[in-house]
Every structure is written in structure tokens, then in C-alpha cells.
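For the record, the sequence lines run as chains R and H. Residues in the first sequence are numbered consecutively from 7, following the numbering used here. Residues in the second sequence are numbered consecutively from 1100, following the numbering used here.
Source of the hints: derived by calculation from the structure; they are not laboratory data. A quick note: this is a predicted structure, and the numbers were derived from the prediction, not measured. Every residue, glycine too, gets a C-beta built ideally from N, C-alpha and C. It cannot be assumed that every hint is accurate.
To be verified - Cβ-to-Cβ under 10 Å is the rule here; a few derived chain R residues that face chain H:
no.	residue
1	M73
2	S77
3	G80
4	G88
5	S89
6	L92
7	G124
8	N127
9	L128
10	R209
11	E213
Unchecked claim - Using 30 Å as the maximum straight-line C-alpha spacing, the simulated DSS-like pairs for lysine-lysine come out as follows:
no.	chain 1	residue 1	chain 2	residue 2
12	R	K179	H	K1226
13	R	K27	R	K179
14	R	K125	R	K27
15	R	K173	R	K125
16	R	K179	R	K52
17	R	K52	H	K1226
Below, each chain spelled out in residue letters.
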Amino acid sequence: MDEAEFCRLWHLFQEVIDGNKEYLNSLDAAIGDADHGTNMARGMEKAVAACDQPEGGLRVTAKAIAMAMLSTVGGASGALWGSGLLKFAAAIPEAVACSDREFAGAVDAFVSSIRDRGKANLGDKTMVDVFLPARDRLIAGVEAGEALPAIAEVLAEATAAWALETKDLIALKGRAAYLGERSRGHVDPGAFSSSLWFLSLSRALAERSG
Amino acid sequence: MIGILAVSHSRRLATGLAELLVGLAGGELVVGVAGGVETLGVDAAMVGAALAELEERGASEIAVFADLGSAVFSVESAIELAELEGRAVLVDAPFVEGAIAGSMTAVTGGSLADVAEAGEAAYLVRKR
């Protein structure tokens, strides 16, 4: 993945978050404080500005996006995305391009970080329900020699399904956990926005020429 | 000197707790607050600024008490970003009771580990 693709991913994520802002807010209204879409949209607008300085290298760009999310998204999502992206930045090469294996390694570092910080397990009705199986599929695909755009296409569809499957779960982490059984029947907003990141990844790589 | 930082989604809640801590600790206590500046909520930048301010006021170590959720995550991120691990700790404690127990321990000469232990132990103090 080169820096142009990496930045396209974040621009596409910003667009799809903005387009789903009200939907994400409505999901959050059911089990939270109705601001997940607004928070993410505000943060992404700031974050994509980090891509305005090209040729900075993948690590520098990822770190700038992380800092923007830490200071503008707010809420649990801002802290989890921001600190996760700092680990992603530390794991990705400084160069302007990286191998698929290096990209998968950086995603792995991101997922380890959100698990360390949020202490959520699979099935707790959080973003981990999307990111954990997606990381496993990504690493398995790269190990098997599949092309990254093909893996991303599979993940775009799979993560959308995993996000919707959180509807039947009882929240065990986050503020929604206070609702217990009453959290069932609503899609987790953090899981849904996470699936949009994989949709954006797929779209960014689909534009890969040649 | 150990500083105490109260982090809440609500600035008024954090400020109210700080007032309570100064009043109940019975000694000289350096207390800071973070969170809820314009709207309800906490981010790592707010916590980072409050940690820096406490250091400027002479706190060589800082015990942080947070209400819940993103306040907790933001404290952990801020401590990591400022590379204060070991000198600043998020105490796993009930926000009000834990901060009171920790503040009393700090004022009476306890170490940072003692403050954290006292804060955590507040979970065990039942009200009836």
C-alpha cells in the first residue's frame, strides 16, 4: 500500500462517515448518547487534513491522523481509534509505501491496542466484534498470498454482516453495558462505523491501477 | 508531592469532587480537574493539559481518578502520550469514594502505590 492509497482510504472513510452521520447518531441514541456519528464526522474532517502534506511517509501520516482523532472525536471512540492508530503508526514503515504483510501487521497492532485499552472480548457488542475477526481474516489472506484488494473486498462485505450481528448481543462493555438485556435489539454504533473503515479500504484499493 | 487529578465528562462534577477532596483531605492537597470543557465529554488532549498543569504546580507524581468509559480511556492515552507511566497512574476506583480515600492517603504521606491501593479499596467499603 502506498501513501496515496492510504490517504484515499481516509478520505473515503471521512465521506462515508459523513454520509452515515445521522444513521450512526440514531444507532447511538438507542443505547448511548446519540453523538457517535457527529463525533466521528468531526474527527474525520480534521484527520483527513493530515493527508494534505503528501510524501510525509506512512508513519508520519498515520500519527497525524491518530493525534487528530485523539483531540477531536472525543468519547470512547476517540480514545480507542486515536491510541490504536498510534500503535498502527509505530508498526507501519516510515517509508511512503509498505508491503501487504506490513499493512496487516499494523492493523494487528491497532487491534491489540483497542483490546488492551477497552478490555472488550469478542461478543461484547463493541468495535472489537468487527475488528478482531477482520484482522484474523486479513492476516490469513496475506499469509495465503491473496491480493490485498481481494481481501479488502471480502472484508467489506463480511464486516458489514458482523456489525449487523451485534444487534442480537447484550452489551458487556461500554456505557451500553449498564442497560443489560435492554441493549439487545440495537446495532452497536462503534461496530458499524468500524465496518465502514473496511468498506473504505476496499474502495480505496479497488481504484488501484494495473 | 502527589497530585490528584479528577476527570469527568462533566466539568462541574470534576470541580465539585475537587472541592470535596480539598475539604475532606484535611491537609495541603494539589488537585486538578479535566473534562467537559464546552460540552459533556473527555478527550486525551484535555487530560494531557491537566497532567502538565499539575506537574507545573509541583506534583512529581499524579493519581488520576476518572468517572467512566471514555474518561478512563482518555486518561490511559494521555499518560502514555506524555510518557508519564509510573509517575502518573489511573486508579481503578469508584470516582468519589476512591478519590477521597486516595487524597486522604496522599495528605498523610502515603506513596503513589498507597494512594492507588486506598482508592481501589474504596470499592469494598459498603454503605449498608
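Verification of the hints:
1. M73: Hint on M73 (chain R): holds, closest Cβ of chain H at ~9 Å, below 10 Å.
2. S77: Check passed: Cβ of S77 (chain R) comes within 4 Å of chain H, closer than 10 Å.
3. G80: holds (4 Å)
4. G88: OK, holds: G88 (chain R) within 10 Å of chain H, min 6 Å.
5. S89: holds (4 Å)
6. L92: Since the shortest Cβ distance to chain H is 8 Å, the answer is holds.
7. G124: holds (7 Å)
8. N127: Violated: closest Cβ of chain H sits about 16 Å from N127 (chain R), beyond 10 Å.
9. L128: Violated - the Cβ of L128 (chain R) stays beyond 10 Å from chain H, reaching only about 19 Å at its closest.
10. R209: Not OK, violated: R209 (chain R) not within 10 Å of chain H, min 29 Å.
11. E213: violated (33 Å)
12. R:K179 with H:K1226: Since the Cα atoms of K179 (chain R) and K1226 (chain H) sit roughly 26 Å apart, the hinted pair holds (cutoff 30 Å).
13. R:K27 with R:K179: holds (23 Å)
14. R:K125 with R:K27: Answer holds: K125 (chain R) to K27 (chain R) is near 26 Å, not above 30 Å.
15. R:K173 with R:K125: Answer holds: K173 (chain R) to K125 (chain R) is near 20 Å, not above 30 Å.
16. R:K179 with R:K52: holds (28 Å)
17. R:K52 with H:K1226: violated (46 Å)
In summary, the structure is inconsistent with hints 8, 9, 10, 11 and 17 from the numbered list given earlier, while agreeing with the others.
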